[in-house]
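So the chains spell out like this:
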Amino acid sequence: MSRREGRLKARFENLAAEGRAGLVTFITAGDPNRDISSAIIKDLPDAGADIIELGMPFTDPMADGPAIQASSLRALEAGQNMNVTLEMVRSFRENDDDTPIVLMGYYNPIYIYGVDRFTEDAANAGVDGLIIVDVPPEEDAELRDPANKAGIDFVRLTTPTSDEKRLPALMGGASGFIYYVSIAGITGTKSAATTSVADAVARIRKFSDLPIAVGFGIKTPEQAAEIARVADAAVVGSAIVQVIADNAEKLGDSQDSPDLLDSVLGFVSELAQGVRTARS
Amino acid sequence: MTTSSDKKPNSFKALPDKDGHFGIYGGRYVAETLMPLILSVEKAYDEARADPAFQAELDEYLKHYIGRPSPLYHAKRLSEHLRGAKIYFKRDELNHTGAHKINNTMGQILLARRMGKERIIAETGAGQHGVATATVCALFGMQCVVYMGETDIARQAPNVFRMKLLGAEVVPVTSGSGTLKDAMNEALRDWVSNVDDTYYIIGTVAGPHPYPAMVRNFQKIIGEEVRQQMMDAEGRLPDSLVACIGGGSNAIGLFYDFLDDEDVTIYAIEAAGKGIDTGEHAASLSAGGPGVLHGNRTYLLQDEDGQITEAHSISAGLDYPGIGSEHSWLHDSGRVNYVPITDDEALEAFQLCTRLEGIIPALEPSHALAHVSKIAPTLPNDHLLVMNMCGRGDKDVFTVAEALGVSL
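Line by line, the protein sequences give chains P and W.
Quick note, the first sequence lines up with residues 1 to 280 if you use my numbering.
Quick note, the second sequence lines up with residues 1 to 408 if you use my numbering.
Since no wrong hints were added, every one of them can be taken at face value.
Which stretches of chain P does chain W cover? Using the computed rule of at least three CB atoms under 8 angstroms from a CB of chain W, they are:
id, region
1, 129-139
2, 154-164
3, 184-191
Everything labelled a hint here was simulated from the structure, so no lab data went into it.
For each residue, glycine too, the CB sits at the ideal point set by N, CA and C.
Okay, chain P solo, but in the shape it has when bound:
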């Protein structure tokens, strides 16, 4: 049983005490296959990931760009499903009881798994938060309430289109942290100007005391460092997933993948270096 409340809260408190922002790394669970994906997750904290965001693959990821679309399909083709994703979290928790894991994805696989069963199983596996892209506040009570009841934080998304009229309502049911989607667009495409991100973070702060993580379009250690100066965490997804894609092509039938692991973890270390030195 890896159920433990408050991993996200504890992690952000520690980051604040250290005086630095966190690095949130996204990969799709099961990409390019279960074994390699599990090996990546296991080593992410040592490489410098402060929070692990794990994608639940879906056939129709309508808010994602080409990199994460492709990663979803690779995972599904390799046989990934919700049971396996939760099993991967459970295995991770055998060695790490501190690094928060946030599941990200789309509603339908959860809805079909069964919302109550899912939130219970996810909490027991050691999941700390949920980011569900296609369930906005207008619809989220059916998922947010069971999640909160199971001790899972429901992370609300804010975007450049969330104006001051809408922000209070967005903050109302938020827990864990606020995810600021820094561009109006899909993952892995445009990058936002740091000044506009700083303005947005200041705007959100007026309505919430929760930590603010910023994602979308952060591709380099330099960009991650810039975000780390103005927000509580920087989220990097497509750029990491692209490193997996580049190496997966060379993989062939081999299940042994030291190159892939080294490349991914090496890149994550560079990102972490950027985030950790940003404010010094």
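Could you slot chain W onto chain P? The hints should help.
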């Protein structure tokens, strides 16, 4: 209120509720980035509906540009051939651009203009909605981008060329199976990336609220005309209505005005492709289950993990693994009978109608025709049956030739 009620509603025309729900179906399952935009579309639409000037402008275009009302035609030879019900066709294939789709695109482009949007995007399967969108964009001088799956581009070449002639950019979609579902994903990705200047004209009664209700309201003129025309022709209401259903816009357009007329039996015909038991079909209601996709909760074709599965139909316009959310509710409530028809049955009906009536139907209404062929012989001669001839078949002659083994 998110639970479906077992008791029969006082009216089948009272939904959606203010949040866009038809019982447990419908809703607004979109990314946060789109929420303010969708709320602004809803607000603008509510204002437009209440504005007589908006309706007057739409009426002018419906009459003089599209050619409404479309005729209600007594298909004598088909009726005689089938020896049963008196069969009428609602001739929406005679609309400008050859299908019912333009009823909706005209309404939505007037709304987009009202909202000050300059760029229009759309998804299309068979290309009928794409052509109808490109047409109104040409009419009003607006930029038009149409997303179309590459599989559909291959089988609907005439419509692709028509869209390009009309000045639209047709973007091939290679993700997934390259059909309507993937085109809709890509259109949503475009919209989320261009929220300021772009309006998304969804072509069917699916997507996030307010689209299912709005598209229905732009299409319900079909049934309203039928009511008047049938009163004029026969002095009474029809006994049954039949329409094909992909997303379900022509079907709800015909049905809506009759939903509370309990004596009117209603059939919606889903594409059974190669047969429900082969797994290669597009019959979301007959063989799918409730799920969440493209902004609404509705019946979907999906596997046990909630992954969306590929639809199959000879008709590109029905080749979609979901269905409009109001249809899911009408299905559960039992008001509408949803019936599957296979590719082969549709092809046979296509040929029958062409030879007997001199009307080449699109493959989509050929599914409805096939069901008419099945039930008409079992019905009395005074049974009044109305089938929505929602599109003409010129676009499909190459597909039909190939299916019949004829090389052109």
